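Protein sequence lines, in the order shown, are assigned to chains D and C. Just so it is clear: in the first sequence, position 151 is 151 by the working numbering, and no numbers are missing. Just so it is clear: in the second sequence, position 47 is 47 by the working numbering, and no numbers are missing.
Since the hints were derived computationally from the structure, they do not count as laboratory data. Since the model is a prediction, treat every value here as computed from it, not as a measurement. Even glycine gets a Cβ: it sits at the ideal position worked out from N, Cα and C. Hints are supplied without guarantee of correctness; some may be wrong.
Said to hold, decoys possible - Covered stretches of chain C (in silico footprint by chain D; criterion: 3 or more residues with CB under 8 Å from a CB of chain D, positions within the stretch not fixed):
id, stretch
1, 128 to 134
2, 154 to 163
3, 269 to 280
4, 290 to 303
Stated by the list, open to error - Reference excerpt, derived from the structure (chain C facing chain D, CB under 10 Å, subset only):
id, residue
5, Glu166
6, Ser177
7, Leu256
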Amino acid sequence: MTKTLRVAAILLAVLSMIAASCSSSDDASDTTTDTAATTDEGTDEGTDEEPEETMEEGTDEEPEETGSEPAPAGDGGLDIKVGAILPLTGGIAGPGADARDSLELFFNTFGDGESITTPGGNTISLVIEDNASDPAIALTAATKLLEVDDVDIVLPGILASTGTAVGDALGDRDDVLLLSPSSCNDDFTQRAPLDGYARPAGWACSQTTHAFGQWAFEEAGYTAVATACTDYSFGWEHCGGFADAFTNAGGTIVDQIWHPLGNADFATYSTQMNDLSDAEAVMVLAVGGSVNPMVTSYADFGLKDSKPMLAGVTTMDQSALRAMDKSVALGTIGHSHWAEGHDDPNTIEFVTAYEDATDKIASYYAAGYYGAMQWIVAAADAMDSEFTPAAMLTTMKDGLEVDTAFGTQTMNEDGSMTMTVFITEVQEREDGKLWNVPIFQYDDVDQYFQFDKDEYLAQPTYTKDFQGAGVSG
Amino acid sequence: MTEAAVEAEHVVVDSVVRDRIRVLIITLAIAIPLIAWTLTQMSTLAFFTQILNGLSFGALLFFLASGFTMIFGLMRIANLAHGGFYLMGGYVGITTTLVTGQFWLGLLAGGLVISCLGLFVERILLRRIRGMEKPEVLLTIGLTFVIGDFSLAVWGGDPRQIEKPEYLKGAFQIGDSFFYPKYRLFVLALAILLGSFLFYIDRKTKIGAIVRAGVDDRETVAAMGINIKAVFTGAFIFGAFIAGMSGVIGAGFLSLLPGEDFVILLFALVVVIIGGLGSLEGAALGAVVVGLIDAFAKALVPELSFFTLFAPMAIILMVRPNGLLGRAS
C-alpha cells in the first residue's frame, strides 16, 4: 500500500514538473511575442534610452559609408526571430558562455533582453538553445528552433563539428538563414557553398592563417617553421592556411605534428618539438581545454625561448588567456581577426561594455556573436522588401559596410568576410590582466588573400594530406 | 597450523610467484622488441624524455586509480563518480590557492573537501543501496553529472589551471639539450611517496591487514568483530581524499573543464582494468603501462593514440580477465 502511494506520489511530482516546465516555456514565448508587439512604446522607458542612441549613431553611418550606392532605408516593421544554438554545457561551455553573454549584452543594451527595435523600426527577437557541445543535440536544437520557435535566422554552434552538422542539415533550406560567426569550415563559402549561409563577423578557418604565414616569412624573417595543430578539420584548415602561405612566400615547413582533439597531456608533443632541430619557430594550434596544457607544456619544456610560438586563433584567445599563467603567456606572438587590445573605437566600446557586464575581457567568440547581431540589425534596416532569408543575404552582400566590434567589415559574394587580420602580442594591461595587442595588421583580407581565387579553388581543401602545394607530405 | 595447511600455503604462494614471473616474461617479450624499434624512430634523448613523460602522466593516473581500486576491492563498488571527485577537488584546490596564495593549502583543501563529499556519498547515498550493483553504478554516474553541472555553475566553463609555486615552474635543465618540467618530476616524486606509504599501510599495519582481509572475505572479517561498515566508510573517504588531491595535482599540467571528469575516469578505468581491479600493485603497474603507452603511441602512431590505449586493454582482458595482477574472485 505504502509502495503504491509512493509510486503515485512520484508520478504526480513528475507530471507536475512537466506541466510547470510547459507552462513556463509558454510564458517565455508569450513574453517574446508580447514584447515584440509592444516594443515601440516599451523602449522609450528607463535605461534603454542611452544605449539606443549609441546604436543609432553606429547604424546611421552605414548607409553613408557605402558610398556610391547607399542601401535604401527600409520602412521598418520587419519581425525577425533569431535562434542561437550555443554550447552552454559540455566541453566548450566556456566559449559558449562568452557567446551567450555577448548576445545578452546586445539585447539588454539595445532592447529589453529578449527583443530589440532597430533604428529602422524593425523588431528582432532572440531564442537561445543549448547544444551541450554535441552535434546530435545541435541538430535536435535546430529542429526545435525551426518547428517550435519558427525562427528566421539560426546562429549555429561554435565547434566545427556542431557547425557542420547544422550547416549540412539547414544550409540549403530557403526558409531559414544560417549565419555563423565562429564555426569556420572553409568549404561552406568556398568549394561547396551553401545557399542560405554566410559568415557575418566570422571567418574561414584558413583565412587568418594566410596572412599569418605571409607575415612569418616576410616580416618576422622565419625561413623554416614546424606546425603543431589539432587533428581534425579545423586544425587541418587553420594549419594548412599557414603552411600554404608560408611556403608560397618562400619558407619551408620542416615538420607537422598533429595532436588529437581533446588531448590532455602534451609532454609527448613538446618532446617531439624539442627534437626538431631545424625549426626556427612552431605554429601552434590547440582548442578548448587543450590550450592551457599545451601552452604550459611548451614553456615548461624550455621551448618558449628556443623556438618561439606562433599562436593560432584559439591558442591565445581571451577564452584561454584568462586562466593562463602570466609567465607562460606573456610576449607570445599570435594572430586573429579579433584583437581585444586594438584601439579602434568600436572595439574599445564593445570590450568596455562587455567587461562592465560580465567582468571578463571579451574573447573572439563574444565579439563574433555580438558582431553577427550588428550585421543582422544593419541588414534588416537596409532591406527594402519583405524579410526572406535570401533577401537579407543579398542585402548583406550588396556592399553593406558594418561597424562591428572587429572594426568595419564587408561581405563578399560568397558570404565570407573581407576584414583586418592582426598579428598580436600577449601583453599585460594596466590592471595586470593579459590581452592581445596588435603589432602588425593586414587590411582587407578575404578568404583567398594572396592567392588567385580560381587557382586556389582548383586545389583540394586543406586536410592532413594536403597542406598546400609547397608542403611535402 | 598443520603440516598439510603449511604445504597448501606454500603451493598457493608458489603459484602466485610463478604467475607473476609469467606476467614479467610476457611483458618483457613484448616490450624489448618494441623498445628496440622505438629507438630507431627517435633520438635516445627523446626516448628517455618520453619515458619520463609516460611515468609522470602514469603518476597522476596512479593517484586516481589507487583510490578507485581500493574502494572497488573492499566494497565492490565501481565508483564512477571518481572522475567527478577529481574535477571538483581540482576546482576547490584552484580557488583555495587563488585565495591564500598557497599551493600546498590548495592541495590539502582539494583532498579534504572531497573526502567530506565522500563521507556524504557513502553514508547517505550508497549505504541505502549496498550490494545492488546496477543502482550503485547508476547512482555514481548520476553523481558525476551533478558534480559536473555544479562545477560548471560555480567555476564556469573556461579551462582552469592552478597557480604553481615558483620553484615548481619552468624546466629542470641538464646541459644544453635536456629540459624537463620541474612540476612533472614533482608529480612523479609525490606518486612514489604515496605509493610507498600505501604499500607500507597495506603490508605492515593492522589497518592494512583488516583492509586486505576485507577484500578477500568481508563476511568473515565482520564475523570476527571488526566493524566492516566503518572500514568501508574509512576506505571511501580516503579514496575520495586522494581523488580530490589528484585533481589539484592534475590542474598543474592538465586543464580542468567540463567533461574532463569523464576523460580522466576513462583513463583510471583502463589503468585498474589492466592492472587488476582491487589490487594496489595492479594500479601501480597499470598506471605505468598506460602512461608509457600513451606517451609513446602519441609520438609514434598519433592517429591511433586511442586505439593503442584500448587495444592492449582488450588483449589483456582476453588473456587475463582479472587484469595483470588481479586475482580470480
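Structure-based check of each hint:
no., hint, result
1, 128 to 134, "violated (count 0)"
2, 154 to 163, "holds (count 7)"
3, 269 to 280, "violated (count 0)"
4, 290 to 303, "holds (count 7)"
5, Glu166, "9 Å, holds"
6, Ser177, "8 Å, holds"
7, Leu256, "8 Å, holds"
Consistency note: the structure conflicts with the earlier hints numbered 1, 3.
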